[in-house]
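*Asks:* We have chain H; now place chains G, R, U and E with the ligands onto it with these hints.
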Amino acid sequence: QDLSISCRCVSGGANGELADWIKDSVIPGFEAAHDGVTVTLNEFAGGDEQLTQQLALDFSTGAGADIAGFDGFLIPNFVEAGLLKPIAELVGPEAMEWEGWSHISDGSKALMSYDGQPYGIAMGTDVRMIFARADLLESSGIDPASFQPTSWEELLEAARQVKQAHPDSFPLQLNAGVPMGEATTMQGYWMAILGTGESITDEEGRYIVESQGILDVLNLYKTIYVDEELGDARAQQLGDGRNRTFANFRDAKTAMLVEGDWFYRSVTAPGSEFEVAERDAKMTWAKMPAKEPGAGWNGQDFVTISGGTGWVMNPNTDAPQLAWELLAYMNSKEQLDAFQEFQPRIRIRDDVPVPTDAFLTETSSVLLPLTTARPNDPNYNAVSAEIQRMTEAVVSGSMTPEEAMARYKDAVTEIVGEDNTASLM
Amino acid sequence: MTDHLRQFLGRAGFAFFTALIGAIFALPLVWFLFAPFNSRAELGLAIPEPFSLSNFRQVLENSFAIRALGNSLIQSVGGTLLVALAATLASYALSRSPLPGKRAVTYVLLLFSSVVSGSAAMVPIFLMITRAGIIDTHLSVILVFAGGLLPTAMFILRDFIDGIPRSYEESAMVAGASPVQAFFDVALPVIRPGVVVVVVWAFVNIWGSFLIPFILLRSAEKMPASVAIYSFYSEAGTPIVTLLAAYALLYSLPVVLLYLFVSWKFGFRFFGGIKA
Amino acid sequence: MKRFSLLSPRAGAAFITPAGLLVGAFVIVPFFWVIYVSFTNRTLLGRTALNPEFVGLANYLELFSPHRFLDPGQFGFSLVLTIQFVLFSALLGQAALGMALAWLLQQVPKPVKAMTETVVIGAWILPEVVIGFAWFAFLDYDGGTLNGMLDAVGLPRGDWLLDYPFWVIVVFNTWRGTAFSMMLFNSAFASIPPSYFQAADVAGASSWQKFRDIGLPLIRGHVVTDLILITMWTFNVFTPFLLTKGGPGNQTEVLSIYTYRVAFRDFDFGKGAAVGVVVMLINLAFALFYLWVARKRTPGGAA
Amino acid sequence: MASVKFENVTKRFGGFTATEGLDFEVGDGEFVCLLGPSGCGKTTTLRMMAGLETPSEGKVWIGERDVTRVHPKDRGISMVFQDYALYPHMALADNIAYPLKVRGQPRPERHAEAQRVADVLQIGHLLDRMPAQISGGQQQRTSLARALVTPSDVYLFDEPLSNLDAKLRLDARGFLNHLQRDMGITAVYVTHDQAEAMALATRIAVMDRGRIVQYAPPLEIYRRPATTFVANFVGNPPMNLIEAEARIEGGQLHLQAPGLHLAPLPVPAALATRAPGRLTLGVRPEHLALAAPGAANRIEGRLFANENMGPETLVTVTRTEGEARLTARIFTDEAPRLSGAVAFGFEARHLHLFDAEGLRVPGDGE
Amino acid sequence: MASVKFENVTKRFGGFTATEGLDFEVGDGEFVCLLGPSGCGKTTTLRMMAGLETPSEGKVWIGERDVTRVHPKDRGISMVFQDYALYPHMALADNIAYPLKVRGQPRPERHAEAQRVADVLQIGHLLDRMPAQISGGQQQRTSLARALVTPSDVYLFDEPLSNLDAKLRLDARGFLNHLQRDMGITAVYVTHDQAEAMALATRIAVMDRGRIVQYAPPLEIYRRPATTFVANFVGNPPMNLIEAEARIEGGQLHLQAPGLHLAPLPVPAALATRAPGRLTLGVRPEHLALAAPGAANRIEGRLFANENMGPETLVTVTRTEGEARLTARIFTDEAPRLSGAVAFGFEARHLHLFDAEGLRVPGDGE
Ligand SMILES: Nc1ncnc2c1ncn2[C@@H]1O[C@H](COP(=O)(O)OP(=O)(O)OP(=O)(O)O)[C@@H](O)[C@H]1O
Ligand SMILES: Nc1ncnc2c1ncn2[C@@H]1O[C@H](COP(=O)(O)OP(=O)(O)OP(=O)(O)O)[C@@H](O)[C@H]1O
Ligand SMILES: [Mg+2]
Ligand SMILES: [Mg+2]
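Protein chains in written order, with this note's numbering: chain H, 1 to 425; chain G, 426 to 701; chain R, 702 to 1004; chain U, 1005 to 1370; chain E, 1371 to 1736.
Just chain H, same shape as in the assembly:
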């Protein structure tokens, strides 16, 4: 019997640790336990869009790996197209008896679910925050140890202070623009809109196309990039903009950068391209404040959002039982513990301790309670693209916030239909 796993992971390349973990730990372990079963890993390199297309084609014909790495926010789309089946249906109800479920929080389950049905198991989750250059703050007269803005105004004030001390710098990085793709929506727009107390959809799941919150966010962008040039507007528009923002941070030109914990785990880690020398001394972090204290989403003072990738099962797998066993095995405590050796991070199971890494321990404990997730909706993807265009229009100075919002309204209405939009103005 043969099983295969595919993931966007390549030994020695993108997500190399993941590939190594599967090859060196998961596969030998599973094969040892199941006589006559061979498991192969399809290392996969390529862009998100192509990956999506490949998976869609595979799942529609019965081709493809039995277990595939998968970005959670695509689940609704795939399910609507009939390209995924709930685990319970595919494997049988007994799959829901798996001991692991009890160690996975509902929020984490939701990452890989649609309409309350789990379609897979998340690999992990993340949280977003402001990363800061302690050295830069210090030299601008801000105490890094106590640095924690509590409103947008304070955030901007800190940026202004840095700018004054270092006129060449771009103190604040809040992602915007089309080239950064989903990173603009997740790391930029979401982090800001949640601070206004709004979200992208209202409680009924309708997309908000007109609101004070949107205007506030766009004005925030305008302040940062156009009016006061506190951020690097060019980097938001260029194809390699995201790299530039990382480089700015590494080169101490950016003091505050809003990113996910991945930025710490991977981007600035020792040995990587954007390694921050003497990281523990020079780098610190702060929570993203709401516009005003208490004005944030759910009435919070601080906001963050989580996303996650995970594993799904091929709906046409020849051996659903065995595939499920493999999936469960990959998410066993034993294997996830092993995974921490390859790459320490917040794991999906609450019984897998985060390694003795101060940063991860601290951020996860502080931010996870504050977090929320993207809407589980097939149209989210298209709307997200419009959000990116809207921010770009403002950041490049080609539209006022009002004009940008008007166009956004038009475009989103076209995508989801009048009935699925809401105006809060």
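Among these hints, one or two may not hold up.
As the list claims (entries may be wrong) - Straight line, CA to CA, 20 angstroms or less: simulated DMTMM-like cross-link-like pairs of lysine to aspartate or glutamate:
no.: 1; chain 1: H; residue 1: Lys253; chain 2: R; residue 2: Asp843
no.: 2; chain 1: H; residue 1: Lys409; chain 2: R; residue 2: Glu763
no.: 3; chain 1: H; residue 1: Lys109; chain 2: H; residue 2: Asp351
Claimed, not checked - Selected chain R positions facing chain G (Cβ under 7 angstroms, derived; list incomplete):
no.: 4; residue: Ser709
no.: 5; residue: Phe716
no.: 6; residue: Pro719
no.: 7; residue: Pro812
no.: 8; residue: Val813
no.: 9; residue: Val820
no.: 10; residue: Leu827
no.: 11; residue: Glu829
no.: 12; residue: Val831
no.: 13; residue: Trp836
no.: 14; residue: Phe839
no.: 15; residue: Val924
no.: 16; residue: Val925
no.: 17; residue: Thr926
Hints were generated in silico from the structure; no laboratory data involved. Owing to the predicted nature of the structure, the values given are computational and were not obtained by experimental measurement. All residues carry an ideal CB built from backbone N, CA and C; glycine is no exception.
*Replies:* Just chains G, R, U and E with the ligands now, with coordinates in the frame of chain H:
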């Protein structure tokens, strides 16, 4: 003397102007000469300081990417041979047959292929290949490339073949050769420069193409370099400049070598008329 | 009455079969699939992936809907942009520069010829990811080779990708594709009997006169072939995406990138297919125009 | 060896008729020359024999076989092409040996054979060269060698010697003559050089605008051209043609033209029954000699040119102010001293008569 | 008008020497023919004058200018190419007027000029046609017209008439003659047709394997060929050459060869001082006549061929069993009835003598 001088200056002027265009064309590539050897490469042009092969060392550790170069070779050579063979035969037959409307046929196929090169057509192609049971094989990639590139190859080649006097083959036939013999002994060598253009063109196309292998292949052991190069992009889709530059250099070498070899061995031109 | 042909019908059929099968399977079948899909609302994902509905001309009407037709990000905008892109980078760029190079190369010393040819062809044969990357580095504001050189001669640097994105992709595409035209024209020139040029030399013609009066008219057929091909390729070229991702602000969203967005970001295959068909028709129009111009300029229709 | 027969063969290219109703036979062992001005259809005729063009109408026979639809390779022919059609990528040796290669002869043998033929044609020392590296005449001989290297039923030659100098031409001509006489090959040979045709042919087919206007042995053509076209085309310089007013008086034919003094002639049988009207008088330059003014048969004019060409001298006079020129070919080493008025004498038996349609009026005894 | 001078010009293609040490001058207003066998370097020589090939060694002068490295367009020359090189995309008028266009003449003027030249060459009515729509002969005249439309210092012609049939050839020749005589153009003319060379040239340069072996006026070449090569090459059929044993006895030259009966000759001055040994005797076919057996000067042999070619008959005999053939050109319409032994008679003054190296032994008074 002034004649000589004027003429000399004229020629030197042409030569200088041409060399200048060449130099301008070379500029965007200069970065590639340095970046791979710079252990902390950036987009800026910088003489490696210190000169380092560490990028290559790291790239070589990526067995997936290295194996991919071999796969690229299999697919490109296979696809190119198939395109060259099928296109030469077909365009020869079209050029030498009395069929009416053959010009229009090649042109219509060309237009069709331009539509099909768009990504939407990947769906039917994928379905066909799946049904044929050759998904995730080198063969599937080779066949699909060959089909896609053929109309253009035929369009280019038929032009070349039309320009060749028929009396070459006529004389071979009068000498007793069958049409097929005349084709291989006489026509093929004469149109070789055209075939060479098509070979280089097809090879380059397959070598650089991402989408088709990506859609048709699954196993890491079969992925070509055009896909593997994305393993030097980080999780967030941003390139790891140092490694990418080093790998790009390795990745580019085969096409450059192919070109140099082919232009040295065959040249890219017709024999031209022999009656001076 | 049947004419003698150099190839018997049987041999001819055998010669055509391999290409016929491949083209039939991988070009003609998908082509009709695309045509069909362009009349449906098929998407890659979502509800209409499995059960697409026939929507008639809706996709086409949507493309050409006058409402915001020319707004950035809309089909009309991309269409106009692409036509400009083709005019500048394919016709004025690749074809004209390729022609100039092919002509110059006929008359320069061998080493200069070999070097220039190799560099120009190098730009054409290198894989597109690699090229996209090299240009990125070349145009970089801070450390890019281009700005470095401008600095060196005391000229102001430019923020090329942000301020002149359209011209960047025009120049880029010209740079990338000139080699093909150059090679084609080169071999076309080489197939003209040398005595034609020698006769003109003796008549006293300058290089320009020889080009205008003899070289160009004699390779008119090749020029049409070249224009048809590079127009089509430029309409479909996706490489600028690597430089600009269509931005900033849709300023470089040529049709290929637009289609990509429609088909892969929005997963709207029906609409993507419709764009493909429209592009094909535009290509057809271009080709007929080229043929018409070429024919019109042939006195008497002979030769 | 075989005969070739055309049965009412017409070839049209689109609307243009290149040959019309060709109907003739080349006997086994004959050497027939197709002679005619440029564009008259010589090459087309030859290509139909080779099978490179299919007749629009009519049939082609080689020996006992109807080959109208037979492929060139199965016709047992060899051919020399007007544009040589040498393969640019093969050295001369391989070019020449190609027909042998096709017949499966091993390399050493076929190269030996190529060497033999090439030596005869004096290109044996060039066998390593490529076609682009030899002169025009050498290319032509290579093409000839390629046709001659294999034994064939019929040899077809399309102006195979036109670029050769006199000596080589003579050599090659001798070689062809030898092939024809001693080996009895059947050959059809296109040329525009009538001297060549005279020297080589057993019969000449003179073509004009797609038709054969006379098909006869060389001397017959020279001596009894069937039409003014043939008279004018064959012979170098061509026959002098003089438009004359004809009258029959007293059972004798009187001819009148400016400058012409001609004793009355007996009336040819063909003219006895009808009024002659205008006739064209022909006389070959070699049948004119300088005559004392006053000789019975003479033509007078003013000196126009007097060219000594070695063993012979061409003297040209104008009879009237306009175009009417007359050339005499006089076999002397030294140009005669002439000026002003010149008179040529001739014998009546050397006269040719053509009617108003340009058709020969047969003399008595013809 | 200008003269052309070659100073020790050698041209090598790779290792092959196409011309070697050419050293001659074409005077102002001369019409020089380059005559020689195929591959002897005629085209190469002409192309070096035109500037289309650069000499490997030596210098080329036109008038007072060293043009060795001057571009063709700056040499003030016109040239007719062997393959015409007509531009297929231009009507005849434009083809002919092209050199004027290049010189910036306005359209109406240059077309008027083209019309003038074309009329002279009898293609004036074709000026609207494209080259593909006219016959080979017309193409050649178009090419000629293009060369003649501009006044040039030197006109170069590479076999400009070789593809024409006899009649057209004669017309064109007449026109060139007229140009040269009346307008005094300087021209260099490549041909392999010695009759053409004889008719046109003021001087002929006979070339052999890249060298000029004789450079003299036509009749001089015909009458006093400098070497056996020239003797053999010029004349159609070529001069008969007979190897003979020479003895000087009693102040007279005795020559002995199989079949030869020759009264003793006076000893030429050049032979007086050295032992003659073997000599080659030359006699032109037209200087042989049928002789009664027993005539004083005669050559005997057995009949080999007896070809009537219209106005003349070529009679060939073999003197010995082997190759030694002898041809006589007899100007009669009817082939003489001959068989078996044949004797040719000749006059002693028509004999040519060459020494063992093939060089002419000057006769008395030369
Ligand atoms: N493929 C063709 N299409 C149209 N017309 C043609 C074609 N081939 C030949 N012709 C015409 O047919 C006529 C006869 O051509 P052909 O080549 O037989 O002439 P030719 O007697 O060989 O002349 P030349 O001595 O110049 O070679 C010419 O007027 C030519 O223009
Ligand atoms: N490009 C070349 N490479 C090598 N040899 C050459 C080249 N061109 C000419 N030759 C040789 O140089 C010699 C002279 O050539 P050229 O063309 O001058 O001859 P030609 O006298 O014009 O002969 P023809 O009467 O056959 O045209 C020939 O033997 C030819 O083979
Ligand atoms: Mg012909
Ligand atoms: Mg020559």
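*Asks:* Which of the numbered hints above does this structure break?
*Replies:* 7, 15, 16
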